[in-house]
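Chain by chain, the residues run as shown.
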Amino acid sequence: MRRIAVAAVTLLALPTAALAEGMPQLDFKNPLTTSQVVWLVFIFSVLYVLLSRWGLPKVADVLEARAVSIAQDLDAAHQAKAASDVAVAASNEATRVAHAEAQAEISASVARAKAAAAAQAAELNARLEAQLAAAEERIGAARASALGALRQVATETADVVITRLTGRVPGRGLVDQAVGAALAARGQG
Amino acid sequence: MAAEGHGIDVLGQFQLHTVGAAVGQSVNFTQANLMMVLAAGLTLAILYFGTRKRAVVPGRLQALAELSYTFIHNMCTDQIGEEGKKFFPLVFALFFFILFGNLIGIWPYAFTFTSHIANTLALTVLVWVLTTAVALRLHGWKFFTYFAPPGVPVALMPLLIPIEILSYLSRLISLSVRLFANMVAGHMMLEVFGAFIVMLGAAGALYWAPAGLSFAVDVVLIGFEFLVAVLQAYVFALLTCIYLHDAVHLH
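Top line first, the protein sequences correspond to chains V and S. The first sequence begins at 1 in the numbering used here and counts up by one. The second sequence begins at 1001 in the numbering used here and counts up by one.
No wet-lab data here; the hints were simulated from the structure. Heads up, none of these hints are tricks.
Only part of the chain S face toward chain V is listed, based on derived beta-carbon distances under 8 Å:
1. L1011
2. Q1015
3. T1018
4. F1029
5. T1030
6. T1051
7. E1066
8. F1092
9. F1097
10. I1117
11. N1119
12. A1122
When the alpha-carbon atoms are kept at most 27 Å apart in a straight line, the in silico BS3-like pairs for lysine-lysine are as follows:
13. K58/V - K1085/S
14. K58/V - K1053/S
15. K58/V - K1086/S
16. K1053/S - K1085/S
Some residues of chain S that are not near chain V, with every Cβ distance over 12 Å (derived):
17. R1060
18. W1141
19. H1249
Each residue gets a CB set at the ideal place from its N, CA and C atoms; glycine is no exception.
Using the sequences provided together with the hints, build the complete structure.
Spelled out as structure tokens, the structure:
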């Protein structure tokens, strides 16, 4: 019980207690207090030399190597990009040229086809014209011959009819005249 | 060590003794020095094992080594400038020596060599002498204009110059005592509450609740000690960089 009370007092009076009892850190009569500093100087010097000559350059090497490799990779990537840009431009140009050529080819073909079609149509027209003309000529001839025959048929028929009706042969001139007038009246003389 | 006769022996943990039997005794090699060797060895081991594979995509250990390198390297170049690269190995050595000294000290039965003012003062003297030497070498007599900042009225100079000189000298104290006091205070608190656990636990079931509370405090303190260990190493390295910046650029 008393011990706890003493402990509590010790805690409250820590700074004074520390000074009263004497801190080992301030006990310079102890040779170890100063000798540890000599060792500190030695150990820290060794640490410094090893770090500056060996340890830190090693890390610097690793970092440097990484920086170099990253720079090289970036360089390679840039070069690859430039090359691909050139290739893309060339391919675009080729596509454009091919497109234009194809377009020209198509226009030329269309024009050729149109000309051919026009020529063919003209030839066909001419042939049809000719056939038409020939046909009309034939029709005209046929009609003329038909009309010629008609007059003869009409005259003979009139002769026969009149002969049968009247019992006498009509005068040639009279019949011809009448047939001619009738044909003329129908617009076929 | 916790309770010996009267109260709590909070200072016993800082007592130096030699290690390595007769050989260690003959060369006054203390447990503090053993921890220094461990801290230095750990620093070198991280760099050695971290850079062994030299992978382009680093593994965990290599990432640790590289991050340590770039962290301190950036600190040097940010604080000091391009000239900081010359001091990079020193700042690296200081930071990791102190960091591992602090961290190893948290380990049970280990010893915290940064809890000895003689050690922290020695490191501080190294920094102080180096900064002063660098400033004198780079600027010659112009270095002493550092104590008379430009743009200050002449009337204030008699007051300001002694203050500046004093603050320059007090760097020796502030840098060393900051680290020393932080480590000592933390370890004392750990020891006190550790002793409470034992004493209250032994005093009977009635005291188990406060004993448990002391244990909880110690758990929190350990976490806090980790923070302090890293922070103080960082502060030491950063202040070294800032002092070196002053030495290189004067203002």
